[in-house]
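Use these hints to put chain X onto chain U, whose structure you have.
The listed protein sequences correspond, in order, to chains U and X. Anchor point for the first sequence: position 79 equals 91 in our numbering, and the numbering is continuous, going up by one each time. Anchor point for the second sequence: position 141 equals 124 in our numbering, and the numbering is continuous, going up by one each time.
Honestly, the hints are just simulated from the structure, not real lab data. We treat Cβ as the ideally placed atom computed from N, Cα and C, and that holds for glycine. You may find that some hints are simply not true.
With the C-beta cut set under 7 angstroms, the calculated list includes, among others, these residues of chain X facing chain U [stated by the list, open to error]:
#, residue
1, 105
2, 107
3, 116
4, 118
5, 120
6, 135
7, 192
8, 194
9, 234
10, 249
Partial chain U-side listing against chain X, Cβ under 7 angstroms, derived [unchecked claim]:
#, residue
11, 132
12, 205
13, 216
14, 217
15, 271
16, 280
17, 298
18, 306
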Amino acid sequence: MRANLPAAADAGARPAHEEDRHTPFLMYRRFFYFKIALAAAVVSIVLYYGYRPRGEPYGGTWVGYLLGTVGALLILWLMWFGYRKRAYAGNQGKLEAWLSAHVYFGLGLLVVATLHTGFHFGWNIHTAAYALMCLVIASGAFGIYCYVHYPPLMTQNRASTTMPQMLARIAVLNDELRAAAMGIDDASARLVTRSIDNTEIGGRTWQQVSGRYPRCATAAALAGIDAIVASGAPERQIGYRRLRVLLDEKAQILGRVRRDISYKAMMDIWLYVHVPLSFALLAALLAHVVSVFVYW
Amino acid sequence: MQVEVTFLTRRGADAIMRKSQTVTADALRFGRGSDNEVQLPDIRVGLHAAVLAEREAGIVVEQSGDLALRINGASAASGTVRSGDRIHLGPYEIVIVDPPQGFDAAITVELLQPLGDAMERLLAQSRIGLVQAGLSRRRWSWALFVLFAALGLALPLAVYPLGHAVKSSNAVPPVDAIDFVNLSWNPGDLSNPHRFFAQNCATCHRGVLAAVPDAACLTCHAGIGSHLAANADLGPARADLAATRCAECHEEHRGIDAMVIRADALCTDCHATLKETAPKADVQDVTRYPQGHPQFRATVVADAAKPSFARMMLGGDPKPVDRSNLVFSHAAHLIPTGFLTPSGHKVMTCADCHVPEPGGMGFLPVTFEGQCHSCHDLKFDADLPWREVPHGDAARVKSAVQDFYARAALEGGVLDPDAPALVRRPVGTPLPAASESERRDALAWAAKRANDAMGIIFDEKRGCAYCHVTDRSNGAFTVAPVVLRARFLPQAQFDHSKHLALDCSQCHDSRHSEKSSDVLLPGIESCVSCHGGERASLKTRSTCTSCHLFHRQEFGPMKTASADK
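Chain U on its own, in the form it takes in the complex (with noise of 0.2 angstroms):
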């Protein structure tokens, strides 16, 4: 729902609707995907507890054919999601009307798909499509929550910032250190010099996803001005002291730019599971469907 603005916000707060901006596709056309996806699981349970087959509840009762026949289609129409992301010149309809679908039918489809069991489960081929289904939903579910969460948050961290400025930002200050790393001993020099040759921005998965470095030269060189000015010897403390504020500031920014890269992490990260597992799902849903007819 978007709200009008508000006529004088209040200093600090944010306004009402921007937790709304970042959520539009749950929202899209007042749920409107959200309702034919209820609408169709609801039709589904009835006609599974309506229907009384001869012997138990199956896959193969008409019923069981009906739901599977669906289930496969939808899981083919949201795969194919992934190609209609990238297709940037299609006029196959709005990104945010497709993503709020996929997400609302993909949701729906947990229904239909355990409706099709019959709640029968084994050790083979047609459980493992099944559990790997709901691997893909759940990391899918995990993907709703971080593009829930995860936006605002980066809105906050940033601060009216970009990345390339804050990037530019650091790359100017590691030119203001050197400059003001002239007069000072080497040690702190080397200090100074490792700080700014290892910038450690991104890296590996770890490290961006959690926004840990535990090995961060800025913040080695922190602690080494520090130490420094804290001993006392006067002669140091200006010179030090104009590399300790650029540190300082150096690394605030830092500490933004990969809050930033850890954040983007997140919202990438679940897709590494929820893509390869959903092919997975694709190969094990062929197997299953080609059973069924080897075997009618």
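For chain X alone, kept in the frame of chain U given last:
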């Protein structure tokens, strides 16, 4: 010492900018610090990195910081240098050149490795984004797709033609790798009796896109009984049933216990309208249990002589009557306070006569020898209480009695004072030469005594008639044949052993029955008190197969092996 220091800056490939200055000092110090004679303003150079001085040997360069010197490419802490020598100090190159007029020495200083663009350097160090960290969605997607397609689809398909079927229950091949691959496609547990060949799919599945044919089931179950009597006229119902596949009622892959479908609808599809489709079958319509199930029809003896039977509805009109030709009163035997018997006072119970058969489903037939003789003897002579007539054959009874008295006459020893002397002679005394009249007397005596005895035996109230329907017309004495039914509901399977917790009298009102023609069966209302329908919530769930069998061995085989469905 006077030294000309020239700073070189290259611009592009060809242009070199030169900036010279004169330095006068005893020694030339090189370093980052501003107090050095030659300041090298780069953080990669130490505060005080090197010293150039004039010695007796000539111009000497010494390292004074931590940063290593390289003189003409070789690492050295110090060295004598002359014109043309190149010294590398960090990113700087210092070349000794010929000093111009008036100078002791001359050097050029050039920054060989400028730092370049800070932003470029920063970006070169950064690895932002998971793709930069080496993760690849595409690689993993392909890997997992290929893995599951290979193991889940390609392998089972490849192995499909190699699966072996189990042809008979005593030729089960050992489980091998192919069977494990087949099992990965098994959608559900096989029923318990079939589990031993769960891995041999070809036992039942005979072709791609082909449902399991009857021929597969008949491999082992060829003799399974039919549901229909062979010669009964059943109209279209027979064709309907013949067109039904075994697998339509027997679903596999539904779990260990779940092979036979027990839903009422499977039966009522035909039995709800059977009276119309097959009127000659004489089967009542059943729509549901219990509401749509007709009252039981007991199969009773209509005429024991033929014998012929009839089905009569319990509680119906005419009242069902079992004409067994036995005269028996349950009430007279089930006296609660008991009565005197030859073996003392006894309170009789149902179990005294009705003995469960092995398995406990029904009861052993009631026989005279087994159940009645212990109280009801067949004496015929008060003087000789141990002599009884044989049971069950009226003609033999007569000859037995006659033979008995004839033998008594021959042997002698009869105590009756009215008997002829010949007959009363002591036993062991040889037969005297008897006169004609004496022999006639003896014969007459034997005949009279036999007649008297037969009179008792065939008495209206005593003798056979005590329990049997007798017939004295046409001069001959006959006992009507007795036909006792063991089962009054032969179309159902009531198992008494499953109902042991009940007392007999809860269903059978025998205590008040005075005639053996009473049919003492409970109606359906007795069952309904505990047995509810298919989906009963507070009663025992019961379906058609709880009481009725589909396959009746007595009807012969249901399908022949040539069935191609």
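To see whether the hints hold, each was checked on the structure:
1. Restraint check, residue 105 of chain X versus chain U: the minimum CB separation of about 5 angstroms is within 7 angstroms; hint holds.
2. The criterion of a C-beta within 7 angstroms of any C-beta in chain U is not met by residue 107 of chain X, whose closest approach is roughly 11 angstroms, and the hint is violated.
3. For the restraint placing residue 116 of chain X at the interface with chain U, the shortest Cβ-Cβ distance is roughly 4 angstroms, inside the 7 angstroms limit, so the hint holds.
4. For residue 118 of chain X, the interface hint holds, since its Cβ comes within 7 angstroms of a Cβ in chain U; the closest pair sits about 5 angstroms apart.
5. With its C-beta approaching chain U no nearer than about 5 angstroms, residue 120 of chain X sits inside the 7 angstroms limit, and its interface hint holds.
6. For residue 135 of chain X, the interface hint holds, since its Cβ comes within 7 angstroms of a Cβ in chain U; the closest pair sits about 4 angstroms apart.
7. Interface hint at residue 192 of chain X: satisfied, since its Cβ lies 5 angstroms from the closest Cβ of chain U, which is below the 7 angstroms cut-off.
8. Hint on residue 194 of chain X holds. Least Cβ distance to chain U is approximately 6 angstroms, under the 7 angstroms limit.
9. Interface hint status for residue 234 of chain X: upheld, as the beta-carbon distance to the closest one in chain U is roughly 5 angstroms, under 7 angstroms.
10. Of the supplied interface hints, the one on residue 249 of chain X holds, with its beta-carbon coming within about 5 angstroms of a beta-carbon of chain U, less than 7 angstroms.
11. Nearest Cβ of chain X to the Cβ of residue 132 of chain U: about 5 angstroms, under the 7 angstroms cut. The hint holds.
12. For residue 205 of chain U, the suggested interface contact is upheld, since its CB lies about 5 angstroms from the closest CB of chain X, less than 7 angstroms.
13. Hint status for residue 216 of chain U: holds, given a least beta-carbon distance of 6 angstroms to chain X, under 7 angstroms.
14. With a least beta-carbon distance of about 4 angstroms to chain X, the hint placing residue 217 of chain U at the interface is held under the 7 angstroms criterion.
15. Given the 7 angstroms rule on beta carbons, the hint for residue 271 of chain U is violated: about 13 angstroms separates it from the nearest Cβ of chain X.
16. The beta carbon of residue 280 of chain U comes within 5 angstroms of a beta carbon in chain X, closer than 7 angstroms, and the hint placing it at the interface holds.
17. Using the Cβ-Cβ criterion of 7 angstroms, the hint placing residue 298 of chain U at the interface with chain X is satisfied: the shortest such distance is roughly 6 angstroms.
18. Contact between residue 306 of chain U and chain X, as hinted, is supported at the beta carbon level, the nearest pair being about 5 angstroms apart and thus within 7 angstroms.
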